[in-house]
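Q: With these hints in hand, go ahead and build the complete structure from the sequences.
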Amino acid sequence: MFSDRLWILKLVVAAGLLGLLGHHARKALDKAQPEVERVALFSDQLRDRTLFFSNYPVLEADSTGVHVQTKVGPMHLRTTERIAVGEVISAVVRPVGPRQLEAVRLEVNEGFRWKRPLNYCISVLTVIVYFLLIRHWFRWNPEVGLFRSRY
Amino acid sequence: MPDLFTHLVTARVPGAFVRDRRLQALLVIGTFLPDLAAKGMYWVLWAGQEFSHASHTVLGVVLISYLTSLFVEERIRRPAFFLLMAGGLIHILIDLIKCYLGTGAVALLLPLSPTSFEFGLIKPENVIYLVPLDAAILAAAWFLERRYRRVQQ
Chain A
1 MFSDRLWILK LVVAAGLLGL LGHHARKALD KAQPEVERVA LFSDQLRDRT LFFSNYPVLE
61 ADSTGVHVQT KVGPMHLRTT ERIAVGEVIS AVVRPVGPRQ LEAVRLEVNE GFRWKRPLNY
121 CISVLTVIVY FLLIRHWFRW NPEVGLFRSR Y
Chain B
1 MPDLFTHLVT ARVPGAFVRD RRLQALLVIG TFLPDLAAKG MYWVLWAGQE FSHASHTVLG
61 VVLISYLTSL FVEERIRRPA FFLLMAGGLI HILIDLIKCY LGTGAVALLL PLSPTSFEFG
121 LIKPENVIYL VPLDAAILAA AWFLERRYRR VQQ
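These protein sequence lines map, in sequence, to chains A and B.
Going by the working numbering, the first residue of the first sequence is number 1, and it counts up by one from there.
Going by the working numbering, the first residue of the second sequence is number 1, and it counts up by one from there.
Bear in mind the hints are in silico, worked out from the structure with no lab data behind them.
Watch out, some of these pointers could steer you wrong.
Listed next, the stretches of chain B that the computed footprint assigns to chain A, with coverage defined by at least 3 CB atoms under 8 Å from CB atoms of chain A [to be verified]:
id, region
1, 3-15
2, 39-49
3, 62-69
4, 90-103
5, 109-123
6, 139-148
Small disclaimer: the values here were computed from a predicted structure and weren't measured.
C-beta atoms are modelled at their ideal positions from N, C-alpha and C, and glycine is treated no differently.
A: Structure (structure tokens):
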């Protein structure tokens, strides 16, 4: 399993299994946790289900709730909470009609617009700096595996 | 993806007990792999969010670790695989602390079950507040490790 024998075959099998797992994950999660965008075409399959969305911006607010921007356009979300236009929210919702949602649990993500990019910047920098720091411990040598010890 | 600095620290601290520096580095690389694989699937292969969830499952971590270990020289491939996998599992454990309003952060048992789990301790974007704490832990670990090595010498 860990020898160089049939190296390419092992690589292909592992990549193939990962692909199959991804395919299965897509099917299983699509069934278990459908995307909120499905509510654009409301059907009885969605009745009594709860759906989740995260980090959608609020476009408009009215007395009954807010309009959130989804991947398929705006949807109305019924809620008693007062949320300002421009806020970014995550929510567990119940579909009540085409493009109509009712909030079960709702959370305003304060500072999302600066926290998300900063998180990504720190993450990318972390990976780059770490790989630069450890590069001396490995050397590029495809014939015997890409990472070969200097020792 | 957010935040790989926290993931680095959570692997680097137990990594202090790994003597071989290359294996220590592979443990840390292991904690990067689930996010690097997920983002690679999503941004490079255009595979979709649900597809890339595979990288955050126990089986996904095993497969990604095995794939990565194939690029390590044969002599240290076996320990490299186990350390990459340990790093990946630490990553999943840390991701479980995030709060997705009870809907679950990680479907870690796929393909056996699509149920997602979470401890729900911190909002996903608020991991940014952990960075100063992470930096302090990393500095303390680095200091203690240096001291320990000096004593050993």
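Q: Take the hints in turn and mark each one as holding or not.
A: Taking the hints in turn, this is what the structure says about them:
Taking a C-beta to C-beta cut-off of 8 Å, the region 3-15 of chain B contributes 4 residues in contact with chain A, enough for the three needed, and the coverage statement holds. Judged by the Cβ-Cβ criterion of 8 Å, the region 39-49 of chain B is covered by chain A as claimed, because 3 of its residues qualify and three suffice. Check on the region 62-69 of chain B: 5 of its residues sit with their Cβ under 8 Å from a Cβ of chain A, so the three-residue criterion for coverage holds. Only residues whose beta carbon comes within less than 8 Å of a beta carbon in chain A count, and the region 90-103 of chain B has 4; three or more means the coverage holds.
Under a criterion of three residues with beta carbons nearer than 8 Å to beta carbons of chain A, the stated coverage of the region 109-123 of chain B is upheld, 6 such residues being counted. Here's how the region 139-148 of chain B fares: 0 of its residues keep a CB closer than 8 Å to some CB of chain A, so the rule of at least three is not met and the hint is violated.
The earlier numbered hint that this structure contradicts is number 6, and it is the only one.
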